[in-house]
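Q: The chain contents come next:
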Amino acid sequence: MENKTIKININGKDFEENINSNLLLIDFIREKIKLTGSHIGCDTSQCGSCMVLYNDICLKSCSVLAIQMDGAKITTIEGISDGDNLHPMQESFRECHGLQCGFCTPGMIISAIALIKEKPTPSEKDIREHLEGNLCRCTGYENIVKSISAGAEKMKG
Amino acid sequence: MHASFVRSPYSHAKILKINISEALKLDGVEAVLTGEDVIKWSEPFVVGVKQPMEHWCLGVKKVRYVGEPVAIVIARDRYIAEDATELVNVEYDLLPPVMNIESSIKSNAPILHEKVKSNIVSERNFNYGNVEKAFSLANNIVEIDVEYPRNSCTPIECFNVISEYSDENKSYNVLSNFQGPMALHPVMAMALKIPGNKLRLRAPQNSGGSFGVKQAVFYYIVSISLASKKVGRPVKWVEDRLEHLIAATSATGRKSKISAAITKDGLLLGLKIIQYDDCGAYLRAPEPASLYRMHGNLSGAYSVKNISLKNYVVLTNKTPSGLNRGFGGPQLYFGLERLMHKISKVLNKPHLQIIKTNLLPQNSFPYKTPSGGILDSGNYQKAIQKAEKDGGLEELEKRRRGKRKVGKLYGIGFAAVVEPSISNMGYISTVLSHEERLKAGPKNGAYACATVSIDPLGSISVTIDSLPQGQGHQTVVQQLVASVFSIDPKNITVSSDLDTHKDGWSIAAGNYSSRFGGAVAGTVYLAAQKLFLKLKTIAAKNMNINVEDVIFQNDLVFSKNNPDNKITFSRLAGSSHWSPDTIPDAMAPPLRETLYWTMPQHKAPNEKDEINSSGSYGFIFDYCGVEIDQNTGKVIIDKYVTTHDAGTLLHPEIVNGQIQGAFAQAVGASLYEEFKYADNGEFLSGTFADYLVPTANEIPEACILHISTPSPFTPLGSKGVGEGNSMSTPVCIANAISDAIEQDKITLPMTPPKLWGLISKKEDLPKNLNLEITDEKKKISVELYQNYTNKKFWKYIKNKLRNIV
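Taken in order, these protein sequences are the chains called A and B. For the first sequence, the numbering used here assigns the number 1 to the initial residue and increments by one for each residue that follows. For the second sequence, the numbering used here assigns the number 1001 to the initial residue and increments by one for each residue that follows.
I should point out that these hints are in silico values taken from the structure, not numbers from a laboratory. Predicted, not measured: the structure shown is a model, and the values here were computed from it.
Below, simulated BS3-like cross-link-like pairs (lysine-lysine); rule was C-alpha separation at most 30 angstroms, straight line: (1) B:1639 / B:1398; (2) B:1050 / B:1014; (3) B:1025 / A:4; (4) B:1050 / B:1061; (5) A:146 / B:1490; (6) B:1639 / A:146; (7) A:125 / B:1639; (8) A:34 / B:1236; (9) B:1050 / B:1193; (10) B:1560 / B:1530; (11) B:1345 / B:1264; (12) B:1236 / A:4; (13) A:146 / B:1389; (14) B:1305 / B:1257; (15) A:32 / B:1025; (16) B:1443 / B:1193; (17) A:146 / B:1634; (18) A:125 / B:1398; (19) B:1106 / B:1050; (20) B:1761 / B:1349; (21) B:1754 / B:1634; (22) B:1761 / B:1779; (23) B:1305 / B:1368; (24) B:1170 / B:1502; (25) A:154 / B:1490; (26) B:1754 / A:125; (27) B:1603 / B:1305; (28) B:1305 / B:1356; (29) B:1386 / A:146; (30) B:1403 / A:125; (31) B:1398 / B:1634; (32) B:1634 / A:125; (33) B:1257 / B:1117; (34) B:1236 / B:1040; (35) B:1025 / B:1061; (36) B:1408 / A:125; (37) B:1405 / B:1761; (38) B:1061 / B:1115; (39) B:1389 / B:1264; (40) B:1236 / A:32.
Given these sequences and hints, build the entire structure.
A: Below you can see the structure in the form of structure tokens.
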């Protein structure tokens, strides 16, 4: 197996790691950097639990090799909050009961933040269509959609 | 070390040889566990019926479903372990598979377990009342044949096991996202050939969803434990999605035939029910529980007295079945409520009228059902009345008339369902004859356990045995205990993790049969009350007043007659720790209460095969309006109303979250989800691109309504609520589709192609479409599916990606 050294910025911190070329980005984040907030739910890019932000675009980190990300800037769920304060979108999920088991939630929140960047005031339909790539088995989505609507308002400050 | 499974690509085959030498040569591979080790170090799992079946933790000598594990590669990391599984060479001798109930029960069918000599591993007949007489008095007999598909609630987090073998103690220390029931702990210990106390099982505080499914991780706890013994080090296994869909577990598929003897008004006089459950390749504990969990509430919400039942447990070359939200309910009610719909069509009367004609009358509770269930409380008429009025049934009927006027396919469906909760663990023994049960000893009831303790600073810790995976048990318990002691909920911590070596538990512990609301929260309440009374007595002595004059309010304790005579809650707690002298003798130990609770209504099945299979029974009445897109066959849920009676609601927001969640999963089961197999046994649903889980776009908001008739049998009057819509929604949607297209044969999932097939006419087909199925087309599709179920496919994709880079 070929090894390669990559430089990658995660949540504002630079990392330089020598890795196997077949290492997936999600495993790099979870196993090498030990940020375990991003989850693996399907391995095949359907469920969205592994979503991270790559230059404000949401990216399913289970379907990208870490070496493809050499030089990239990545934000994970751990990097969105400001110190001890939750991100407004996280607050919204808590207030609106937007999660049950919480396993899909990091991906949902990353996905929601990417949506709001693009559309600061999304309609319910916008939100539902945007969530096509994020699966949740607990909530039936209703409260997730409400959380994102409320989160969008909160993000306006 | 990390484990990766070598799994059978075939549904039915003899294992001729396993060659592991190439795998062992790969750098980083430590060992490969095979059937030889398994035979040496373990026993087959115990089975719930008396049959000579052997189910080992790896396929031994034979494989019986696609995905059955045959070896475990143990390596330095998961990537190496997975690469090495490709190097394990297993030689198979293929056998013909049986892929459905019909072919499995044929007399010349290939046999899965030779020693059993049949694929029907259990057959039981039950008779309650006088069915023959009921049928002789009938004005009409209505029959229905239904099938319920195999599916699963597929939690987004898959199975996880870490096991560490100790050679010194000959014991295993396991951490796994197991969800119970802990009745499986002895099953695992026996398979590992160790006493129970040599299997320390820990489950974490949080787990990424389960819905019953994670019960089945117990099977892997045994094999990963043996893997740890093999290498003498801790071994970790994280299941991937492909493994989960192929081989984790499934709800049972069911084929039922129900005949109803009815009067001219549609009153049910008697029911003859025949049920065949497809339990997959092995009868894995606690199966055949799917077939018996509903035994006490076999007659649903209806007052019918005469019932005969034939139950068959059938094996096929598919993944073994197990717990899945609703467990037995979706299957039973699909038959019963489709039957009620059919009766209404036969008699040309409104469906709701037929339901109302047969409902148990008000004031008939507690009601003993013909099969022995004791329906604790309810007011079914009131629930339906509320649903009609607050849900807007009249409006919906108007809407249907309007839609139909303009040529749309629009239907309304109904379902009335009794939702059991708090399983009587003895119900599973109903599968045995009374004589067999006498020999085995009675089984009934089961304890819930909770501990409440107060530390010297006055904060409270609670331990519960319900192993939640996102249902908010901690929140509910926190609020409940805060209200007992009148302190700030922030001062209460709830632990829901479980350690068999340290925590209170019994066989019933775990998260299943919706036991939290009725049993676990109730047990916490009783423990907290007991501790509260002790503390009150201690306070009275400290403050030199009568016990009845002690008031707890807002973190303070004071005298009713003299509010200045007061002490803070934390001070009272502290003094109870630091000054044992001040505590009345009878109060010791004063600051910790562990309480076990079970229900006296939970009896073992009796000689008449009567069983009160659950402790509490809620009620659900659903109706919905659906429109069928005539061009695509897509079902659009226009409106869905679901009315629940779950007794006392402990936390309405959490209850509604459970209802909307179960509803969403049930919409998936109704319209999209199915574990599909080709006739040759190939598995066709190996990714979330094939097994279609609904997204936010497919799930409408359900209109949720409540009434409350508290249970007289549970400490807080509350009943389970988490599974109801898994039972009511699939059949409600099916009834609406049947109403819309005026056809009887509705099989789930009602996918657009299937429905389009039912509504389209030949002239709708494009003229020059070549629909002929040629051998060439067959070959291509089989190859495609084979690739999907094969890890090589993913390897191929990964390599492709690598080349691009």
